[in-house]
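S.K.: Each chain, written out:
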Amino acid sequence: MVPADQGGGVMRADLLAEPTAGLDEALAAVDAFDRALTGGLLRPQPAQAAGLAELAGAVAGTPLAARVAEAADRAAAGAAGEDHLVALAAARTALLGSVHDALMTRVVEATGRPHDEEPAPAPGEQPAVNLLAAARSWLCDLARCGWRGIDHEVVSGAAQVVSAMLPDPALRRLATLLDGFAAELAACCPGATLDRVPERRWADLWSRATLLTVPGAAGTPVTSTVTGRLLPLGVDVQEHATAVQAQVHAVFEPADGGTPRLVRAGVSVPKPDTVVGAGLWQLLRPHLSLLAAVSEGRSMDLADMPVTAEGDLVWADGHARPGEPADAFATARVALPTATGTATAALDRHPARIAVPVFLEGYTAGQDDGTLTFTVAGHALAVDTDRVPAAGPLTPEAVAASGACIGLLRWDNGAYRVQPLAVETTVRKKAVAIHAGGWAGGTTDKAGVKAEKAATDAVAVLRERAGKLLRK
Amino acid sequence: MSDWERSSTARVIPPARPRKLAKVPFVELADGRLQGVVSSGSDIERVYVSSIAAGSWTFACSTNNNRPCGGARGGFCNHIRALVNEAVLQYGAERVARYLRVETADGEPDAQGVTDAMSAARPPQGDTAAAAPVFSRFLRHLAYLELAPTTAPLPEMQWFPPTRAVA
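Heads up: the sequence lines are chains A and B, in that order.
Quick note on UniProt numbering: the first sequence kicks off at 1 and runs consecutively.
Quick note on UniProt numbering: the second sequence kicks off at 1 and runs consecutively.
Just so you know, the hints here were simulated from the structure itself, not pulled from any lab data.
Be aware that one or more of the hints could be misleading.
As the list claims (entries may be wrong) - Straight line, CA to CA, 25 angstroms or less: simulated DSS-like cross-link-like pairs of lysine-lysine:
| id | chain 1 | residue 1 | chain 2 | residue 2 |
| --- | --- | --- | --- | --- |
| 1 | A | Lys429 | A | Lys446 |
| 2 | A | Lys453 | A | Lys468 |
| 3 | A | Lys450 | B | Lys20 |
| 4 | A | Lys430 | A | Lys446 |
| 5 | B | Lys20 | A | Lys429 |
| 6 | A | Lys453 | B | Lys20 |
| 7 | B | Lys23 | A | Lys453 |
| 8 | A | Lys468 | B | Lys23 |
| 9 | A | Lys468 | B | Lys20 |
| 10 | A | Lys450 | B | Lys23 |
Isolated chain B, as found in the complex (with noise of 0.2 angstroms):
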């Protein structure tokens, strides 16, 4: 235990894993929230913009257009689910459960154990007022692929190895 508080090059996160990302491009552990962007199952032009606050499981789900979802009404609707489940691929489970402070029965967390534990708690809806915030860290995050490669020496990831450990 000491010796990793002693290591310069202490894994501290584990990488994404690997997901297909068409039904939700998006997700992340952020600002106390799951949140993320999930793609709607009929307009390519739509996007649904979802969130759950950690602790008090809070949801909420509206398009980019700020318009509410119509599935979200009194409980979890489709995209929020999707997320839970995209988050849980790329995070892990116990990441997930962890960050949004979900306990589960089994104490081996999945995607369904999580989502069933928040949804019987009878989580309450909360307004749209993240969606703003959330769409905007999409675009940051999509804006990473527009930034030029360099080839000047960059030191500073030394600190920063590759682990072969999985989330």
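One chain only, chain A, in its complex shape (with noise of 0.2 angstroms):
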């Protein structure tokens, strides 16, 4: 049994599995404009018109509804220009995001912690771009072909605009999301004989890259600057072929005495598509200081860090230094529970988006159907162990075998789960916490050892090459 008084302890992972009202609604409409951008928007058939016209009801209530409703006529008779569909986009967004504040709302009765309700201000203004131009006009060709009409020749025209984009830091959000999502899209070529298509996934990155090819969409203002003591939590990588980003997830205490805060702190870079496992890290490292704290267990003192109203720290390291040495299981027994979550910027209320640190223990690990799961309060979360990078000392096997996990809670395709970051087990009959990202500031580790030396290798051959033919 779950005591009635949580007291930030224990996660009601029960109240994850109970449904929530109008979700399956919203969903449906969003499946109904993602299956009509399948087929493209070129010569619409009824089954496609009907689906533009779902997301257009299902907004209707809204102070999108005028704009959408207009664009799904148009869209339906074949004729919609950029406006519309970057208003089909908007309105697919808009519907996601209100899912995204449902998911939410069960997440913070699960974790039982205080939750920013204030709302994150907009985004500032950014000089209107003809790159953006030319990355809205390539977009829209894309919805005009569907999934299903793509071939190299339109997949091929984000190369130019991807390329141009990427040295600009003001533009590299829509390239970096627009590199991703091309290099997908030529992997797939041609759409006609593709088995089965993504539709949700290539639909939320065409609706994202086309929000943000309106000028001063992506800014991610700093709201002001944070000095006190920083406890990470474990690092989270993202990855596609030629970029990454490394998060590390942390409890912020203010020097102040202050209220405790959830903050992340990320780097990315661009990379070849041949720099992989712990290259990544290598790439990274010397960005982040913080990486290095991480592996060696360490908080950080900060002193006027600079800090998004999302809390995210645009990490500098001359704000930071070395602080005493702290175990992340501690700070997730013991200042977890009273963090807060901060708010979300509107364009990111997606569910995609949502990474909720949690403390999970005394839970049964069990499989369901190949995945692992771990029953909490009765409910058997599905643990997300793809997600741990290879690059790394922990394992699924290591994941399984565990008794406490500090994971990130997430959502996709209908189900929370959850993300190992680290995990406390057994070994030798010794207990040993193993981290993820254990290799992020570097390893003695022997397996690591041999990875780290092998990428260095890699990295090695392509600037000595790069050396000798760019700057001829």
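Since each chain sits alone in its own frame, please combine them into the complex, following the hints.
M.R.: Structure (structure tokens):
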């Protein structure tokens, strides 16, 4: 039995299994639009027109209603202009924003932690750039072709835009998204012969990229600075063929004795597709001293570190120095239950963006249809071990044998799941903590050293070639 | 199956597998070809640009200065064979075979099998028109090493989780 008084300790995982009113209806409208996009909007069939109308109907009670209704009409007639397609992307994004909010309400109930409801400020203006228009034009071509209609010619249209955008930090978000998206589409050409289409995913990427072509949408303004102690919980890695990001999730304790809050600190970089595994840490390590602190099990002391309203520290090594040793599991047991979560920016309200630090203990590990599960408070929660980076000491086997877990609570295709960041387990009768990001700052682990050596060699070859060829 | 289609983070392409890059610094499945850059065995200043077209298996090999490869007359040269081998290491034999539209006899493709199946069909030698764009894609690929990292948040990467699955 779960005690009635949570005290911030045990997660009410049972709440995560309860149905959420309106969720299925909202997702059905999203699916209807996604199917329309799969067939392409050049010459829409009646079923596609119905899908577009369903999306418009779902936002009929919102300020978007008139623009989306017009856009759906025009698109159904095969006559959608760029502004109409942007309106459709906005409608889909708004619907998933409402899904996000409903899912987060459950997460807040289940974790029993306070949550900052203060809405994030609207992003700042950013000068309109021709490149944004070029990107939008490519995205509109895609929408007209549909996933079933893509070929090498239409997909390769992204390459020039991406190359021109990548060097500009202000355009990095859209550039990185388009680069990863275009690589997937290229690998799936021609669309006509695909066995199956990742409809939700590609419509997500398309909608998000389309909205990011609106000038000002991609800004992440720094709203204040923070001074105090940073207690890392773990590292989450995200990667596609030509980009990687590591995000450290942590509890921040203000020096002035204010309420502790959840924050993230990340670093990202574009990369050649042949730099993989330990090579990712090598690219990121020099730019975020926090990664070394994570590997060493240390806190860091921050002074005037810039932070966004969403709780993302915009890290600069000059504002941080290594602090006292800090065990992530002690942080998870003691500091995490009192830490406040932060609000999410309007554009980022999407189920895929949910990544809430949680601490689980006293669960029973099991298997359900080949997926590892932790049964917590009577509810079997799926464990997403596939997200544990290969270049690290944490393995799915260690997760399955664990007794306590720091993870990120996420949601995808209809269910919550937990992504392990670190576990406590027993190795040769000794209790040990194993971190997914254990190699982030470097490693003396035998397998880790070997992986690091191979990665160093790969980058050395590329740098040598680049030195010869790029500067001629 | 329908779960995958309703997933925002469905894994669509497996990540490249690590391989040694000295011999073949660049290989890709793009523009309807298996194409890449192969180091010369004798001259470290020279590289060969090699390609095989999907379906027709039309092959081409020349230096980056557009001199034809002496080995690629009437059949695959060693550069092209090396290209296929490294592509199989990076992407897995199945993905390479599918992209090139090669059906191997025993159904379980490997690098040798893929090369042999194409070679046995006596594919035509193409012109070296693709060499320039392939080489410029190689330079673009190298330029990724020169791009600055950022500590500003990149929320779009939430759609790109890692995977432990291999190609």
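S.K.: Hint by hint, note whether the structure agrees.
M.R.: Right, here's what the structure says about each hint:
no. : hint                : result
1   : A:Lys429 - A:Lys446 : holds, 21 angstroms
2   : A:Lys453 - A:Lys468 : holds, 23 angstroms
3   : A:Lys450 - B:Lys20  : holds, 13 angstroms
4   : A:Lys430 - A:Lys446 : holds, 20 angstroms
5   : B:Lys20 - A:Lys429  : violated, 39 angstroms
6   : A:Lys453 - B:Lys20  : holds, 11 angstroms
7   : B:Lys23 - A:Lys453  : holds, 18 angstroms
8   : A:Lys468 - B:Lys23  : holds, 16 angstroms
9   : A:Lys468 - B:Lys20  : holds, 19 angstroms
10  : A:Lys450 - B:Lys23  : holds, 20 angstroms
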